[in-house]
Amino acid sequence: MLAVSAVRADARDPLGCLTVAERDEPVPAAGWTTVTVRAAALNRHDLWTLRGVGPAFQRLPIVLGSDAAGVDQEGNPVLVHSVVTEDTRGGEGSAPRWSVLGERYDGTFAERVAVPRENLVPKPAGMSFEDAACLPGAWLTAYRMLFDRAALEPGATVLVQGAGGGVATALIVLGSAAGYRVWVTGRSAERRKQAEALGAEAAFPPGARLPSRVDAVMETVGEATWEHSLRSVRDGGRVVVSGATTGALPPAELTHVFFRELTITGCTLGSRDQLARLARFCTQNRLAPVIDRVLPLSWAREGFRAMSDGTVFGKVVFTP
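Under this note's numbering, the first residue of the sequence shown is numbered 1, with each subsequent residue one higher.
These are computed hints drawn from the structure, not numbers from a lab.
The reader is advised that the hints may include incorrect statements.
Stated by the list, open to error - Cross-link-like lysine to any residue pairs, in silico, SDA-like; alpha carbons within 20 Å at most:
1. K193 to S176
2. K193 to F204
3. K193 to R293
4. K193 to R209
5. K193 to G207
6. K193 to P206
7. K193 to D292
8. K193 to L210
9. K193 to A288
10. K193 to N76
Could you put together the complete structure from these sequences and hints?
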């Protein structure tokens with residue numbers, strides 16, 4: 001079968017570590033099954049793997065990709081929840097070991113992928129495979145950031161740092177649908193205009209002084225926006241962090257944190273049940289992910305290059 005793989009990692013030449021070639025068919029373990037992939041979504045996590053930024057257990061070579069929608073062995077349309085959990089049997093208080101597809105196990109950028117049966121979620125009947133493939137990663141993260149980690153009431157004001165990424169566009173669409181007042185920062189006038197078209201009430205240049213402080217900041221950018229995030233949130237507010245695209249070591253600004261009693265909380269993906277609820281929420285509210293481009297799997301390198309160059313607004317989707 002055709003698959004997109006990372007054969008090694010190199011921070012200076014990540015795309016040189018990418019191959020599109022024939023691979024052996026997956027052989028599912030006990031309790032696992034195979035899904036015929038109809039669409040798979042690219043995440044920055046895949047680019048980080050090529051750059052050598054990943055968990056200590058990262059396996060190379062490996063088929064990349066964590067998000068997918070397809071058809072199971074019984075012919076049912078499904079979404080693939082990308083988090084694989086293994087009980088380490090380490091005794092009371094030990095946390096289960098988990099990974100994302102494309103780290104310890106081959107991922108979804110292939111014609112077929114092996115996954116645990118319990119990771120399959122029925123695809124809503126009215127949702128395309130391309131839209132469904134975007135939900136398990138960026139959209140699930142955004143859903144949990146807003147409705148779980150930030151715990152905001154309708155009518156709250158939310159600042160989304162960095163319009164254009166998959167998580168950021170999902171935050172705008174989901175937040176607007178939930179009744180939040182969504183403000184966004186974007187580095188270009190075009191991106192700010194696109195954010196407003198998605199439902200943002202207002203969009204500002206990076207670092208701009210806002211009309212008022214917000215109830216929560218959704219942070220995926222990192223060093224470039226961290227200072228602005230802390231200064232933009234109200235006293236007692238929250239900063240929810242799910243990424244650090246521009247760097248993970250900004251000044252802590254601890255005086256802001258303790259004196260203004262801020263809460264800083266992290267967020268990584270979400271549960272299978274949250275993915276199912278997200279799919280229902282999108283169907284009931286007729287929400288669709290923002291897709292920048294759909295490419296055949298054989299053209300995956302072009303999608304990776306666009307993400308690396310920063311020219312993507314929304315998601316890149318591959319179709320085997």
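Structure-based check of all given hints:
1. K193 to S176: 16 Å, holds
2. K193 to F204: With a Cα-Cα distance of about 10 Å, the restraint between K193 and F204 holds, given a limit of 20 Å.
3. K193 to R293: 19 Å, holds
4. K193 to R209: 18 Å, holds
5. K193 to G207: 17 Å, holds
6. K193 to P206: 14 Å, holds
7. K193 to D292: 15 Å, holds
8. K193 to L210: Status holds; Cα separation ~17 Å.
9. K193 to A288: The hint holds at about 18 Å.
10. K193 to N76: 39 Å, violated
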